[in-house]
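Q: Read off the chains here:
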Amino acid sequence: MDYFTLLYDGFVRVMRPDIFVIMLAAIPFGLVFGIVPGLSGLTALAILLPFIYGMEPLAGLALLLSAHAVVYTGGSVSAILLGIPGSPPNAATVVDGYPMARQGKGGQAMGAALMASGLGGVFGVLVLVAILPVLEPIVLSFGSPETFFLALMGVTFIAVVGEGPMQKGLIAGALGIFLALFGYQSVTSVPRFHFDTDYLLDGFRIIPLALGLFAIPELIALSAKGKSVAQQGSVSNVTFRHVMEGCAAVFTHWWLFLKSSTIGAVVGIVPGVGGETSPFVAYAAAKQSSRTASTYGQGNIEGVIAPESSNNAKEGGALVPTLAFGIPGSTGMALLLGGFLILGLEPGPEFLKEHMDLGVGLAMVVAIANIMAAAVMILLAKYIARLTFVRGHILAPLLLAVVVLGTYASKNNEMDVVYVFIFGALGYLMKELNYSRAPLILGFVLTNSIESYLHISLRSFGPTFFLRPISLLIIALLVLGIAWPSLMRLGNRRKSP
Amino acid sequence: MKQLEILFPALIIVFAGFVVGAGAFYYQYDMQVMQFPYLVGGVLIALATLRLVQAIRGKRLPGEPAEPEEPTTESLAEFTRTALWLVGILPAAWLLGYLAGIPLYLLAYFRAHGESWMVSVALSLAALAVTYFVFIVFLRVHLPIMPIGFQ
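Sequence lines, in order, name chains A and B. Take 1 as the starting number for the first sequence in my numbering and just add one per residue. Take 1 as the starting number for the second sequence in my numbering and just add one per residue.
In case anyone wonders, no lab produced these hints; they're calculated from the structure. As the structure is a computational prediction, the values presented were derived from the model and not from experiment. Be aware that a few hints might be false.
[As the list claims (entries may be wrong)] Restraint ranges, calculated between C-beta atoms of paired labels, are given here:
#1 B:R140 / A:I470: 42 to 52 Å
#2 A:K225 / B:R111: 11 to 21 Å
#3 A:M244 / B:L61: 40 to 50 Å
Ideal Cβ placement from N, Cα and C applies to all residues, glycine included.
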């Protein structure tokens with residue numbers, strides 16, 4: 001089957017009524033999590049994870065990806081109207097978006113942000129669709145030693161370049177791998193470290209872990225705050241005409257849009273760099289090359305278009321290493337890998353060979369979700385933004401109820417609910433102590449592959465399995481990745497007098 | 001915060017050491033089963049030990065805030081109150097069943113946090129409706145609707 005037929009088939013599959021309904025349900029969910037500051041896309045993904053049990057792969061992943069892909073679209077609205085980024089990557093949009101809103105140009109800023117987000121998301125997908133067939137022969141040349149080192153590199157990279165200090169990230173990654181050692185070992189089927197309890201025979205589950213790490217700490221913060229996030233700002237001076245003027249501005253600044261989206265997609269491809277980086281890089285690049293650079297920070301529409309284009313474009317880019325190598329390009333993709341695991345899929349070289357159609361389908365999901373989210377927000381943003389005025393005392397317990405019910409629903413096991421709170425305590429501690437939580441979940445998800453491929457490599461190639469050329473290249477990258485922060489510090493120290 | 005910075009890696013060392021020790025001496029798994037846990041446990045314990053030593057010496061890692069905020073008695077009391085309220089959903093669901101326990105928990109939570117009776121009852125009834133129609137009717141989840149142990 002040629003690639004264009006695959007693309008067409010992917011589109012047809014995504015437009016199936018059941019998939020379309022799932023996307024329609026997931027998009028408002030993602031938008032709400034984007035709009036309400038403090039509720040990140042990661043929390044949305046974690047809360048949705050239990051609901052994909054028993055779904056067919058495309059449906060389950062469409063639910064997760066549709067919600068995740070549009071979080072930043074929602075986040076731009078609170079960044080502009082209230083001066084509070086809905087999610088961390090929207091922080092760059094505040095710089096010019098909020099001053100625009102205060103000057104009575106909130107509608108234009110919102111229109112520009114939403115159109116840039118929607119089209120940026122589609123641009124990221126185009127990059128993904130263009131790269132996947134090129135990558136296929138490359139990833140198929142990878143054997144078990146290379147795949148083992150790739151998985152190890154994924155955990156290491158997200159630990160090194162993720163939030164918080166590198167050393168704490170590495171501890172988190174190793175802890176994630178360690179927690180996944182409980183239960184039946186895939187190689188020998190021996191139940192490991194079950195401590196004579198039935199629950200641990202299957203090991204710790206991904207859903208209580210993900211919800212505990214990413215939902216409970218945010219709910220504690222939301223509940224402790226109590227009040228609504230938005231105490232200021234106004235949504236009343238936004239008119240549809242102004243929004244449409246903002247949308248049109250993206251087309252008049254088409255070169256800026258293309259440049260920023262390209263930056264987003266490229267940053268997204270780099271494993272582990274995360275979402276917060278690309279909008280700021282795009283903003284800086286836009287300012288550097290702008291004729292109106294002096295008005296940046298005072299309400300320049302270019303300062304809204306640049307970060308928002310890159311924000312959504314990076315998700316398409318982040319899917320490239322996730323699908324092709326099983327290495328997530330962002331923290332959200334690390335959680336998405338958990339979704340793949342629940343659905344019995346393992347992204348990586350074999351995935352592209354066997355499930356290229358699914359990969360293309362997922363690209364279509366991201367593209368369509370971005371367009372739909374932008375359309376919904378252009379029409380309803382003014383009303384949806386009022387959600388930020390809902391008090392934390394109301395939101396936190398309602399979301400907690402969804403977390404508890406969703407966790408129980410995933411396996412009908414009360415112990416899962418208890419473990420949500422145990423892992424919640426772990427997540428809270430990690431958040432307070434500045435330990436990145438993404439490497440932990442990624443280590444947990446990738447352990448099965450890491451251990452199996454290590455075992456196969458040792459059996460097939462002996463203890464010198466790491467001496468194969470591609471393996472050596474990956475090891476070099478791994479070492480460089482770990483040493484990079486120290487090298488940068490050394491370089492900076494030499495530069496400064 | 002400094003005490004927590006010390007306690008956290010110390011707990012990791014004890015946890016990893018206990019688990020690997022149980023595998024080696026209590027279960028006596030063979031090498032094929034324990035090879036990977038030895039490797040990962042070793043790396044984890046080494047990294048956590050390094051962090052423990054740094055935390056005891058008060059060394060700040062690159063990328064960490066210069067002056068981490070020390071918790072006050074009030075902030076600790078506030079955290080404990082918040083955490084206990086959130087964990088309270090567990091006994092509520094276990095003692096009263098998920099269908100009744102969760103809406104009643106929400107009602108108690110809203111009232112205790114200053115919401116009006118009207119808002120509290122309306123939201124709790126909405127939660128009851130969502131729990132019943134979404135989870136039991138639509139998703140066909142076997143939610144315990146009686147107290148746990150009395151199904």
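Q: Hint by hint, say whether it matches the structure.
A: Checked hints:
1. B:R140 / A:I470: 42 to 52 Å: holds (48 Å)
2. A:K225 / B:R111: 11 to 21 Å: holds (19 Å)
3. A:M244 / B:L61: 40 to 50 Å: holds (49 Å)
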